[in-house]
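Work out the full structure, taking the sequences as your base and the hints as a guide.
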Amino acid sequence: MGLPQEHRLKRRQDFQKVYKQGGRYSSPHLIIRTLFEAYLENSIGSQPSCFGISVSQKVSKKAVGRNRLKRLIRKAIRQLLPEIAPGWKVVIVVRAGSLECKYEHFLRELKQLLIKAEIIHGH
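The UniProt record's numbering numbers the first residue of the sequence shown as 1 and each following residue consecutively.
Take the hints with a grain of salt, since some may be wrong.
Distance condition first, Cα-Cα at most 30 Å in a straight line; then the derived DSSO-like pairs of lysine-lysine [to be verified]: (1) 61 with 102; (2) 70 with 116; (3) 58 with 20; (4) 111 with 75; (5) 58 with 17.
Taking CB as the label site, the calculated pair distances span [claimed, not checked]: (6) 100 with 11: 15 to 25 Å; (7) 56 with 23: 12 to 22 Å; (8) 57 with 82: 13 to 23 Å; (9) 21 with 102: 12 to 22 Å; (10) 13 with 56: 12 to 22 Å; (11) 83 with 54: 19 to 29 Å; (12) 71 with 12: 35 to 45 Å; (13) 61 with 83: 31 to 41 Å; (14) 82 with 61: 30 to 40 Å; (15) 75 with 95: 15 to 25 Å.
Hint data in this document are derived by calculation from the structure and do not stem from the laboratory. Every residue gets a Cβ at the ideal spot worked out from N, C-alpha and C, and that includes glycine.
What follows is the structure, given as structure tokens:
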């Protein structure tokens with residue numbers, strides 16, 4: 001099961017815009033690039049947050065491994081979606097050496113990065 005359609009970052013131009021203009025936060029296995037875009041709309045928060053996932057061949061030469069990592073990241077995003085503020089564009093980059101990580105590890109790291117980026121309000 002993928003992300004809902006309105007929460008997907010699909011176009012190459014969107015990815016490039018986030019890479020060029022967005023902030024960068026990193027952890028041992030993930031890097032997130034974030035860009036707040038709600039200011040383009042008339043009312044703040046009317047635009048849902050969108051996510052893109054990038055897994056390089058440096059992580060795994062086999063597509064099976066890269067696709068498994070993308071499924072785990074999408075599952076973590078779906079679980080965190082109710083806590084995420086609207087209006088953000090986020091690209092999640094998986095670092096090399098992440099192939100052995102489990103879902104709980106990705107969930108914890110992703111939540112910490114989103115709190116650091118102030119997309120999720122921490123405690």
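Status of each hint after checking the structure:
| no. | hint | verdict |
| --- | --- | --- |
| 1 | 61 with 102 | 19 Å, holds |
| 2 | 70 with 116 | 22 Å, holds |
| 3 | 58 with 20 | 22 Å, holds |
| 4 | 111 with 75 | 12 Å, holds |
| 5 | 58 with 17 | 23 Å, holds |
| 6 | 100 with 11: 15 to 25 Å | 32 Å, violated |
| 7 | 56 with 23: 12 to 22 Å | 21 Å, holds |
| 8 | 57 with 82: 13 to 23 Å | 33 Å, violated |
| 9 | 21 with 102: 12 to 22 Å | 33 Å, violated |
| 10 | 13 with 56: 12 to 22 Å | 20 Å, holds |
| 11 | 83 with 54: 19 to 29 Å | 23 Å, holds |
| 12 | 71 with 12: 35 to 45 Å | 22 Å, violated |
| 13 | 61 with 83: 31 to 41 Å | 35 Å, holds |
| 14 | 82 with 61: 30 to 40 Å | 36 Å, holds |
| 15 | 75 with 95: 15 to 25 Å | 18 Å, holds |
The structure shown violates the earlier hints numbered 6, 8, 9, 12.
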